[in-house]
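> Sequence:
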Amino acid sequence: MPDFLVIGGGIAGLAAAYELFREGQDFILIEENDYFGGKVKTIEREGFIIEGGPDCFLSEKPQVFQIARELKFEDKIIGTNDEFKGTYILSGGRLHELPEGLMMMVPTRIIPFALSPLISWPGKIRMGMDLFIPRKRDDEDESLYSFVTRRLGREALEKIAEPLIGGIHAGTPEEMSVKASFPRFVEMEKKYGSLIRGMLAAKKASSNRPKTKSNTTYFMSFQKGMGELAENIVKNLPDYKLFTGKKAVKVTYQKGKYRTYLTDGEIIESKHVILAVPAYNAAELLEEINKDLAELLAQTGFASSATITLAYRKEDWPFKVNTFGFVVPRIEKRHLMALTYSSVKWSYRVPDDSYLLVRGFLGGATNQNDVFLPEKEMVELVLAEIKDILGVTAKPLFYEIFRWPRGMAQYKVGHLERLAKIEELVFEMPGLALAGSSYRGIGVPDCIKSGREAVRNLLNK
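Quick note on UniProt numbering: the sequence shown kicks off at 1 and runs consecutively.
Keep in mind the hints are simulated off the structure, nothing from the lab.
Careful: at least some of the hints might be erroneous.
What the hints assert, rightly or not - The calculated DSS-like cross-link candidates involving lysine-lysine, where the alpha carbons are at most 25 Å apart (straight line), are:
1) 39 <-> 235
2) 124 <-> 85
3) 412 <-> 333
4) 387 <-> 85
5) 61 <-> 246
6) 124 <-> 204
7) 72 <-> 39
8) 39 <-> 271
9) 291 <-> 255
10) 235 <-> 246
11) 72 <-> 235
12) 271 <-> 136
13) 241 <-> 271
14) 395 <-> 314
15) 124 <-> 136
16) 241 <-> 39
17) 421 <-> 461
18) 257 <-> 241
19) 39 <-> 204
20) 39 <-> 224
21) 246 <-> 257
22) 250 <-> 314
23) 85 <-> 412
24) 376 <-> 333
Fair warning: this is a prediction, and the values are worked out from it, not measured in the lab.
With the sequences and hints as input, model every part of the structure.
Structure follows, in structure tokens:
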């Protein structure tokens, strides 16, 4: 009987397993799929590096750097090709470049912002009013929609915040909790009384910090894609402790030990269980031993999404690409949420410089049905939108589709209050911990942090 059972072999589960191994604990990890990494999935095809899920992590969060340094694969980390880092927004059927100095959704440079045709003059004046609007008096949670329209106005929400920020979470601004999803904005309003002043202060603080490695950019990845992260963690763990093709269906607790039932009839007994699975899976597993906890977990919303990667010869593309891509606001009523030029954003993604790799994003909270379209129909839909937006009629050499049903946790208004109740109930259960993107952050660094903290919390109980 192992002391610890980790259920789920995504990044959070692997991070938990690594922390257990590092602490000399007896553990096993089970994963229902035939691979480790969860939504961090990279494939190689004909010399092309293709991401199924996230293509990067934020450099301002240290967790990926830390684990890469500990496991000695930090040299595999790469930055974006920032000479091409411009991003465009589709507005009124035309692509407009984000003005220089726009940080997230907040203008920090007057001239480029004033000259940009993306926002109307009334919209620009309304965004500037952020400097004079009083800060929020109470500490109640509010939606991203409420927060952005209150501080920057509706045009800023619809044309900038929603496609740039809402798209990260595949959620709707009307439901998304600003405290859970973007606590930095809330803190800026509290401290500076203005997002513009807050961003200017952050910009100044950043410029005053000691310079890091010259290749450190805001977004980072790995030479062979984000899957290299999962591969390197797995490579450093004992393979006899890691199992794929093992799906848990129920967890019970009796006389100081957990019993985990698998679909193949196997029962695994352990003193501790770490559930590194989506909240809805955790709810199903815990239904028998704590109905209140299961009910709270089941209330977490999820959105489905899909990515489609298309490979082209550059000579078939009608113009030279010198940008990372573009995002699409909901008000444009398109199916594409965004399009990234993967081989421009990152090095090492194509066999040689004669190719172009493009990735489209579908689904999200408002276009869930697109995720489940038949393959041929999805490809035709994406190619039609690329033709309409970019004027590109070339056919791709090949494509790869990845679908993620219920793949993105939705931090809705009230998420943190419900999470506090969940954590209280978990604390009362000896030997149980939760980890993953359903709770306190959806990014890869957040998942690593949650997995490692789950272990430390159990060891310190």
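> Check whether the Cα positions of residue 124 and residue 136 lie no farther apart than 25 Å.
22 Å, holds
> Given the proposed pairing of residue 257 with residue 241, does the C-alpha separation stay at or below 25 Å?
19 Å, holds
> Run the distance test for residue 291 versus residue 255: straight-line Cα separation, threshold 25 Å.
19 Å, holds
> Is the hinted pair residue 39 and residue 224 satisfied, with a Cα-Cα distance of at most 25 Å?
The given pair, whose Cα atoms are some 16 Å apart, holds under the 25 Å limit.
> Holds or violated: residue 387 with residue 85, Cα cutoff 25 Å?
Satisfied, since the Cα-Cα distance of roughly 23 Å is no more than 25 Å.
> Going straight from one Cα to the other, do residue 235 and residue 246 come out at no more than 25 Å?
19 Å, holds
> Taken at face value, is the distance from the CA of residue 257 to the CA of residue 246 at most 25 Å?
20 Å, holds
> Do the alpha carbons of residue 61 and residue 246 lie within 25 Å of each other, as the hint requires?
Violated - the C-alpha atoms of residue 246 and residue 61 are around 32 Å apart, more than 25 Å.
> Hinted pair, alpha-carbon criterion (25 Å max): residue 250, residue 314. Please report holds or violated.
Violated. Residue 250 to residue 314 sits at ~51 Å, over the 25 Å cutoff.
> Does residue 235 sit within 25 Å of residue 72, going by the straight-line distance between their CA atoms?
12 Å, holds
> For the pair supplied as a hint, residue 412 and residue 333, confirm whether the alpha-carbon distance does not exceed 25 Å.
This hinted pair holds, its Cα atoms lying about 23 Å apart.
> Verify the proposed pairing of residue 39 with residue 235, using a straight-line Cα cut of 25 Å.
Answer holds: residue 39 to residue 235 is near 18 Å, not above 25 Å.
Consistency note: the structure conflicts with the earlier hints numbered 5, 8, 12, 19, 22 and 23.
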